[in-house]
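Protein chains in written order, with my numbering: chain F, 1 to 116; chain G, 1001 to 1112.
I should point out that these hints are in silico values taken from the structure, not numbers from a laboratory.
Quick caveat, the model's predicted, so the values are computed rather than measured.
Cβ atoms here follow ideal geometry from the backbone N, Cα and C, with glycine treated the same way.
Certain hints may be false.
[As the list claims (entries may be wrong)] Covered, in the sense of this in silico footprint (three residues per stretch, anywhere, with C-beta under 8 angstroms from a C-beta of chain F), are these stretches of chain G:
| hint | region |
| --- | --- |
| 1 | 1044-1055 |
| 2 | 1103-1111 |
[Said to hold, decoys possible] Each pair of labels, with its calculated beta carbon distance range:
| hint | chain 1 | residue 1 | chain 2 | residue 2 | range |
| --- | --- | --- | --- | --- | --- |
| 3 | F | A2 | G | N1061 | 18 to 24 angstroms |
| 4 | G | S1003 | F | N1 | 32 to 38 angstroms |
| 5 | F | N1 | G | S1052 | 27 to 33 angstroms |
| 6 | F | L116 | G | K1069 | 47 to 53 angstroms |
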Amino acid sequence: NAGVTQTPKFQVLKTGQSMTLQCAQDMNHNSMYWYRQDPGMGLRLIYYSASEGTTDKGEVPNGYNVSRLNKREFSLRLESAAPSQTSVYFCASSETAWDRDQETQYFGPGTRLLVL
Amino acid sequence: AQSVTQLGSHVSVSEGALVLLRCNYSSSVPPYLFWYVQYPNQGLQLLLKYTSAATLVKGINGFEAEFKKSETSFHLTKPSAHMSDAAEYFCAVSDGFQKLVFGTGTRLLVSP
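Let's have the full structure, built from the sequences with the hints guiding it.
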């Protein structure tokens, strides 16, 4: 099992450009999450998907959109990138969001994004 | 609302010394608490979690944490530090509604 995979690993964008970060998991998990990590601020939740076909906003959703393409894949889109979106982005998944004993999240390796 | 506070953005220890990383939580529901470790340029890896069973939780790599409700704490300890323990450690609390709230992290530095 590869676990949670993310592409690309690193990306440089100019202000105003768009891009999509891809995430896939092979653990048959129902729930998936997108976080951003900034120095001194820990991880902050951008969006999450409790199950295929549903998405909800997290703590910092502005400037982002998501798509739960199927059970395996959950993408994050920046429509018009801004320097404030320079960050490391992590995708995570968990078996289910409805059973607290199953809510351990497993993380991908991250995507480093630099917006100039 | 749930929150966690990690005291000390950096902790330095000598190899073989006790490791103590502090985490205090605030939660309006019975908390589920987690410690994750992040090695350089990698994702987060679960060390251990507390889910209202035993208050002393043992994790991987010799780490353990004790849930103390009276002190609203969930500190992470390891009796003897190894060089390979150098990493950033995150405490997190679950809000019970599919979301983890993370602390700001503590970077552990281990010197020979």
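Verification of the supplied hints:
Coverage of a stretch by a chain is defined here by at least three residues with a beta carbon nearer than 8 angstroms to that chain's beta carbons; for the region 1044-1055 of chain G and chain F the count is 5, and the condition holds. Coverage of the region 1103-1111 of chain G by chain F holds [criterion: at least 3 residues with CB-CB distance below 8 angstroms; count 3]. The supplied range of 18 to 24 angstroms is met by A2/F and N1061/G, whose beta-carbon atoms lie about 23 angstroms from each other. In this structure the hint that S1003/G and N1/F lie 32 to 38 angstroms apart at CB holds, the actual value being about 33 angstroms.
Roughly 29 angstroms separates the CB atoms of N1/F and S1052/G, a value that falls within the hinted 27 to 33 angstroms. Here the CB-CB span from L116/F to K1069/G is close to 48 angstroms, well matched to the stated 47 to 53 angstroms.
Of the numbered hints stated above, none is contradicted by the structure.
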